[in-house]
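K.L.:
Chains A and B supply the protein sequences, listed in that same order. Per our numbering, the first sequence runs over residues 319 to 563. Per our numbering, the second sequence runs over residues 289 to 533.
Source of the hints: derived by calculation from the structure; they are not laboratory data. Virtual Cβ for every residue (Gly too), placed ideally from N, Cα, C. Be aware that one or more of the hints could be misleading.
For each label pair, taking beta carbons as the anchor points, the in silico distance ranges come out as [unchecked claim]: (1) A:P339 with B:A292: 53 to 63 Å; (2) A:L325 with B:G423: 27 to 37 Å; (3) A:T475 with B:G423: 22 to 32 Å; (4) B:G349 with A:R500: 26 to 36 Å; (5) A:L556 with B:H311: 22 to 32 Å; (6) B:G330 with A:F472: 20 to 30 Å; (7) B:R397 with A:T396: 28 to 38 Å; (8) A:A509 with B:G423: 57 to 67 Å; (9) A:P489 with B:E356: 27 to 37 Å; (10) A:F477 with B:H311: 34 to 44 Å; (11) A:A426 with B:G422: 33 to 43 Å; (12) B:E356 with A:A347: 23 to 33 Å; (13) B:D480 with A:A347: 48 to 58 Å; (14) B:T321 with A:P339: 44 to 54 Å.
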Amino acid sequence: MSRPATLATARRVLWQIRRDPRTIALLLAVPTGLLVLLYFLFEGQPRTFQKIGAPLCGLFPFIVMFLVTSIAMLRERTTGTLERLMSLPVARADILFGYGLAFGLLAALQALIVCTVGFAILGLDAAHGAWLVGLLAIANALLGMALGLFVSAFARTEFQAVQFMPALVLPQILLCGLFVPRPQMAPWLHAISWLMPLTYAYDALARATAPAPLDGAMAADVLAVIAFTLASLAAGALTLRRRTP
Amino acid sequence: MRDAEAIAVQDLVVQRGGREVIHGLSLTVARGTVTGLLGPSGCGKSTLMRAIVGVQVVAAGRVTVLGEPAGTPRLRRRVGYVTQAPSVYSDLSIAENLRYFAAVLGVSRARVAQTIRTVGLHGREDQVVGSLSGGERSRVSLASALLGAPELLVLDEPTVGLDPVLRAELWASFRELARAGATLLISSHVMDEARECDSLLLMREGALLEHLTPQQLRRRTGREDLGQAFLAIIERSQREAAPGA
Numbered sequence: 319m320s321r322p323a324t325l326a327t328a329r330r331v332l333w334q335i336r337r338d339p340r341t342i343a344l345l346l347a348v349p350t351g352l353l354v355l356l357y358f359l360f361e362g363q364p365r366t367f368q369k370i371g372a373p374l375c376g377l378f379p380f381i382v383m384f385l386v387t388s389i390a391m392l393r394e395r396t397t398g399t400l401e402r403l404m405s406l407p408v409a410r411a412d413i414l415f416g417y418g419l420a421f422g423l424l425a426a427l428q429a430l431i432v433c434t435v436g437f438a439i440l441g442l443d444a445a446h447g448a449w450l451v452g453l454l455a456i457a458n459a460l461l462g463m464a465l466g467l468f469v470s471a472f473a474r475t476e477f478q479a480v481q482f483m484p485a486l487v488l489p490q491i492l493l494c495g496l497f498v499p500r501p502q503m504a505p506w507l508h509a510i511s512w513l514m515p516l517t518y519a520y521d522a523l524a525r526a527t528a529p530a531p532l533d534g535a536m537a538a539d540v541l542a543v544i545a546f547t548l549a550s551l552a553a554g555a556l557t558l559r560r561r562t563p
Numbered sequence: 289m290r291d292a293e294a295i296a297v298q299d300l301v302v303q304r305g306g307r308e309v310i311h312g313l314s315l316t317v318a319r320g321t322v323t324g325l326l327g328p329s330g331c332g333k334s335t336l337m338r339a340i341v342g343v344q345v346v347a348a349g350r351v352t353v354l355g356e357p358a359g360t361p362r363l364r365r366r367v368g369y370v371t372q373a374p375s376v377y378s379d380l381s382i383a384e385n386l387r388y389f390a391a392v393l394g395v396s397r398a399r400v401a402q403t404i405r406t407v408g409l410h411g412r413e414d415q416v417v418g419s420l421s422g423g424e425r426s427r428v429s430l431a432s433a434l435l436g437a438p439e440l441l442v443l444d445e446p447t448v449g450l451d452p453v454l455r456a457e458l459w460a461s462f463r464e465l466a467r468a469g470a471t472l473l474i475s476s477h478v479m480d481e482a483r484e485c486d487s488l489l490l491m492r493e494g495a496l497l498e499h500l501t502p503q504q505l506r507r508r509t510g511r512e513d514l515g516q517a518f519l520a521i522i523e524r525s526q527r528e529a530a531p532g533a
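Please put together the full structure from these sequences, using the hints given.
P.N.:
This is the structure we're talking about:
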C-alpha cells in the first residue's frame, strides 16, 4: 500500500462525483429534506420526532453510502477499470482506503448539513452534543461503504445492486430498534437483530441523543460498528481479485 | 541476463464457465517484436492475453513473461495491458484519467502530456471521456497503458472502430515502440493488419494453428492476400483433423 496511490484514488473518486452535480445535490439535500418531512409529519408530537429524527441524522449517511458505493464499485467491475487497476502496481488497500477517504469526506459534509438543520433549526436534542452524532454518522457512512463494497461483488447489473438496498438495508432499519424497541420484538427477531451491524449503529445514536449518561454500552456499540466495518472491508478486499475465472 | 523471449507459454489450459477454452497451448514471443495474434472472434485470443497479463485463472500450464511467472507483482510495472472494451473512467476527462493512472504508476505529469500526444489526443485533454467516440475512447485506454513505458504491451483489438488513417498512425507508433525495444502482442481479427507484424500467431478454437511471419504465411499457402491465406490454413487444419476425428 502506498500513500500516493491511496490519495490519488480518493481524488479520482471525488473528481468522478464532481462531474455529477445532480448526485451531489441529492446526496446532500435528500437526508435533510426527509428530516424536514418528518418534522412536519410529527408536528405537535415533539417526543416522537426526537425519538426517530435524532438517530436518523446519523443513519442517513449509512444508507446513502451503501448505495453509492455498491453502484460505484459495480461500475469499476463492469467497465473493466478494476481489472486494469488489478494489473497495475496498486494495492487493494489503496483502492479500499481511497474510496473510504473520498466517501468519508462526502459523508462528513452530508452529516454536517443534516445535523445542523436537525439540531440547530428543527429543535432536535443531541443530549451529548451534535458533534458526537456527526462523528457516529461518519463511522456509519464508512460502515455503509464497506458493506456496499462487499455486496457489489454479488451483483452483475446495477438493477441487482439497487435491489440490495431493500434486501439488505431495509430489514436492518426495521429491526435496529428505531421503530419498535428491540426487547419488545419476537425473540427470534430480537436474536436476528443482534447479528445486524445497523443495530449497534442505531443503539449508539440512540444513546448519544438521549439524556442518560454514556457508559460502557456506548463504547461496545462503537466497537461493534468498527468491527463490522473492518470485517466488511476485509471481505471486500477478498472480492477484489487479481485473477478472475 | 535477459531472456531472448518476452513471453513463453507452455501447455496452457484455461477453463471459463465450465468449458475448456484453451487446450494445452504453447508459444513464444521474441523480445522487441510486434506479434499479431489472429483468429476468428471467440477463438480464445482475449483469454490467452489475459493469461499472459496474469489476470486469468489458469487450469494448467506455465506462462512466463519477461523471465518471471505471469502476474508476479514486479511485472505490474513492466507489462501494459489494454482490454478490448476501453477500461477508463467515462466520467473523468482524458487528462484526469491519465493523471490518475500516472499517480498509481508513479510517473510524471510530463509523461501524461507525452502519451496524450502519442495517441493523437493533444489539445483535447479536458474533454470528458464519456463524450468521446468509441475510437477515441480506446485511444485513451491505450494511452493509459503506454504511461509506464512498459517493456511488454498486450493490446486486445486496439484498432477496432478506428478509421484507416488513425489505424495506420497507431500501427506506426506500435512499430516505433518496438524499435525502442518494447515487445508488442496485438490481437486483431482484421487480417490486413497482419502485414504490419514481425510474426503471426494464428489461433482457432483455443489452439495455436501456426506461428510464422507474414512472408512465410504467403509462401506456404500461395496466397498473396493474408485473409485468404489464413482461410487456407484453417481448411488444411480441418482436413488434417478429420481422419482422426
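K.L.:
So, for every hint listed, does it hold in this structure?
P.N.:
Hint by hint, here is what the structure shows:
no.	hint	result
1	A:P339 with B:A292: 53 to 63 Å	holds, 55 Å
2	A:L325 with B:G423: 27 to 37 Å	holds, 32 Å
3	A:T475 with B:G423: 22 to 32 Å	holds, 27 Å
4	B:G349 with A:R500: 26 to 36 Å	violated, 56 Å
5	A:L556 with B:H311: 22 to 32 Å	holds, 31 Å
6	B:G330 with A:F472: 20 to 30 Å	holds, 28 Å
7	B:R397 with A:T396: 28 to 38 Å	holds, 30 Å
8	A:A509 with B:G423: 57 to 67 Å	holds, 58 Å
9	A:P489 with B:E356: 27 to 37 Å	violated, 48 Å
10	A:F477 with B:H311: 34 to 44 Å	holds, 36 Å
11	A:A426 with B:G422: 33 to 43 Å	holds, 39 Å
12	B:E356 with A:A347: 23 to 33 Å	violated, 52 Å
13	B:D480 with A:A347: 48 to 58 Å	holds, 56 Å
14	B:T321 with A:P339: 44 to 54 Å	holds, 49 Å
Checked against the numbered hints listed earlier, the structure breaks hints 4, 9 and 12; every other hint is satisfied.
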